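Produce the entire structure from the sequences given, and follow the hints as far as they go.
Chains as they are written, first to last, in the working numbering: chain A, 1 to 354; chain B, 1001 to 1099.
Be a bit skeptical, because a hint or two may be false.
Said to hold, decoys possible - Stretches of chain A that chain B covers, calculated by requiring three or more beta carbons in the stretch to come under 8 Å of a beta carbon on chain B:
#, stretch
1, 22-36
2, 223-237
3, 258-271
Worth flagging that the hints you see were computed from the coordinates, not collected in a lab.
These numbers come from a predicted model, not from an experiment.
For every residue, glycine included, the Cβ atom is placed at its ideal position computed from N, Cα and C.
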Amino acid sequence: MEEADGKAKKAGGRLCCICNQRRAALKRPKTLEQICRECFYEVFEEEIHQVIVDNQLFRRGERIAIGASGGKDSTVLAYVLSELNRRHNYGLDLFLLSVDEGITGYRDDSLETVKRNEIQYGLPLKVVSYKDLYGWTMDEIVKMIGLKNNCTFCGVFRRQALDRGAALLKVDKVATGHNADDIAETVLLNILRGDIARLSRCTSITTGEDGPIPRCKPFKYTYEKEIVMYAYFKRLDYFSTECIYSPNAYRGFAREFIKDLERIRPRAILDIIKSGENFRISTTTKMPEQGICERCGYISSQKWCKACVLLEGLNRGLPKLGIGRSRGFNKDRKGRKENNGTSIESKQCGTLDF
Amino acid sequence: MQLTLEFGGGLELLCESKKIHSVNVELQDGSDKLTMKDLLSWVRANLIKERPEMFMKEDTVRPGVLVLVNDCDWELSGQLETTIEEKDVVVFISTLHGG
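Laid out in structure tokens, this is it:
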């Protein structure tokens, strides 16, 4: 690539608008500034540092698990967090936490990436598997239920698996790689679903502070384009294959819509997040009350948590149990909020079955 | 014209899982230069073996696919109008896969 660097003609020799010395290498979607690689690394990392400081995401001495899938976002998050932890002396104990859904040809390969990251970044890794936690792999679940609703199982199980892994690691918080594009997408999807409870939650940079293990999103304001550019320029090792079971229908449309908007006006992504934040929920809207699952003790707004309902169905050979619309308009107010259980924040899932 | 084309972020799956392609692209008759627009249609015709809609939308790359010419964001060089020269390195990366 040295040869490539020598060629300044393409950008017309345009210089970085920050240092005014080096050749610009990319256009920032957030600001439209043209900046060089070195200045990009600096503004990218320092913006994330600022988000962490301004929102008090971490406290000195905390143990933090990074939800690591081996994909671009979590790989860059692991790299940047360990860098910032050193540079700014956060005093954090960082861990990688991965969930093995048991998907041959997908998760087994991406877990190899996470294992390399463990060595590359010197962060201890914990893997929790669906098989160990629930007695079922996703491969087995799909064999039983087919390719419909499988993402519901996976989303519900993953959410809980991350919490259980975090409890095993005894961490204070889980940091996930959700980026600005993901959040904008989720805002739109929650509006499309009329899911007010999730709409107000999905833009929060920290969630679950009332629960056992809070989660935070240091990349809330970070554009996907910059994450991928960063990973590319730094030659970070990440895995990029779509889940073999994800039909990617509904979320896919929202995703494409966001990308189309971004091309016309990149600020749109931050503006959608802002809109999401500014929605006010009318006082007449009843919000779900949080309780505890009678069976496993996990947080739940119902008698049993969604994972236990789904598992019960699997184990009794009635996989449809817990699937589908539980929105009763008057009879079952609580069920209405529970919706159909698809974890809208778990981005690997393509479908949002209505 | 000798070029190096690189596919990443899952796009390599559309061209037989090969990430780096050393190719020879001929200028079209009557044309004295190769633009990204020409190169994209060449790639689509010659390298993309499946699901071309994952790579292109209308006459350009699908939104969410990043393009770098000699390690420089093509948004700085005029996107489709960027002129490609001998031995250039063009990289396509999809941002659309899970993270």
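Now the hints, each set against the structure:
1. 22-36: holds (count 6)
2. 223-237: holds (count 7)
3. 258-271: Our answer is that it holds, as 4 residues pass the Cβ test (under 8 Å) against chain B, meeting three.
In summary, this structure violates none of the numbered hints.
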